[in-house]
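Q: Working from the sequences, and respecting the hints, build out all of it.
Chains as they are written, first to last, in the working numbering: chain A, 1 to 113; chain B, 1 to 114.
Among the hints, erroneous ones may be present.
[What the hints assert, rightly or not] No farther apart than 25 Å at their CA atoms in a straight line, the calculated lysine to aspartate or glutamate pairs in the DMTMM-like style are these:
(1) A/100 / B/14
(2) B/78 / A/42
(3) B/24 / B/44
(4) B/24 / A/42
[Stated by the list, open to error] Rough simulated footprint, nothing fancy, chain B against chain A, three-plus residues with beta-carbon under 8 Å:
(5) 44-57
(6) 103-109
[Stated by the list, open to error] Label pairs and their computed distance ranges (CB to CB):
(7) A/58 / B/27: 24 to 32 Å
(8) B/20 / A/78: 39 to 47 Å
(9) A/15 / B/114: 22 to 30 Å
(10) A/30 / B/44: 20 to 28 Å
(11) B/41 / A/26: 16 to 24 Å
Please keep in mind that the hints were generated in silico from the structure rather than gathered at the bench.
Cβ atoms here follow ideal geometry from the backbone N, Cα and C, with glycine treated the same way.
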Amino acid sequence: GNSVTQMEGPVTLSEEAFLTINCTYTATGYPSLFWYVQYPGEGLQLLLKATKADDKGSNKGFEATYRKETTSFHLEKGSVQVSDSAVYFCALSEGGDTDKLIFGTGTRLQVFP
Amino acid sequence: DAGVIQSPRHEVTEMGQEVTLRCKPISGHDYLFWYRQTMMRGLELLIYFNNNVPIDDSGMPEDRFSAKMPNASFSTLKIQPSEPRDSAVYFCASSFSRMNTEAFFGQGTRLTVV
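A: Here you go:
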């Protein structure tokens, strides 16, 4: 079945460092891919998405490119801030009529001043 | 719109008691999802509805769990009887009936069963 694999955390960085969180997926069709972020004590919020191969999603300085050849959707940010500390979830949508999201296990990011 | 609204935010109950979690989706959304989040298992989809009809409940862990959606603006997740291993954060989410659309999450209910 479809699945999402993320790098394990926590990822610990100093402020202004470069961030990469790896995400790979397994899917039989052509899913859409998402990154969600969960700040402490809150629900998940959509950070960015890409709906087809080679699309780049971007928001708040974060970017991710849908790579069909490597089945990847890695999250990157050039310069992280303390306020980016959160748990990041990669997800795919099976599409079709289901709109069912399949999530990775999440990666905790800790940014220190 | 106020977003997806869940209640209560926190629930502490004794083992064996019935627990009911509530969710009000965003108006106009016709998909509703219930997720459970724990440290050990991460985020798990329990069940989801389309137009108030349960579509996939394969993630519901046991018969002790049940979910209903009596109308487009309200859903419940019930655990009876509750057990300590049910302790988790339960999220409700909703979305439009379109391909590849964003799901909006509530703030969750933190359940502790002692």
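Q: Decide, hint by hint, whether the structure agrees.
A: Against the structure, the hints:
1. A/100 / B/14: Not satisfied, since the Cα-Cα distance of roughly 33 Å exceeds 25 Å.
2. B/78 / A/42: 22 Å, holds
3. B/24 / B/44: Holds - the C-alpha atoms of residue 44 of chain B and residue 24 of chain B are around 20 Å apart, at most 25 Å.
4. B/24 / A/42: 17 Å, holds
5. 44-57: It holds: at least three residues are needed, and the stretch 44-57 of chain A offers 5 whose Cβ sits within less than 8 Å of chain B.
6. 103-109: holds (count 4)
7. A/58 / B/27: 24 to 32 Å: Because 29 Å falls inside the window, the suggested range holds.
8. B/20 / A/78: 39 to 47 Å: 46 Å, holds
9. A/15 / B/114: 22 to 30 Å: 40 Å, violated
10. A/30 / B/44: 20 to 28 Å: Taking Cβ atoms as reference, residue 30 of chain A and residue 44 of chain B lie about 25 Å apart, which means the hint holds.
11. B/41 / A/26: 16 to 24 Å: 19 Å, holds
Consistency note: the structure conflicts with the earlier hints numbered 1, 9.
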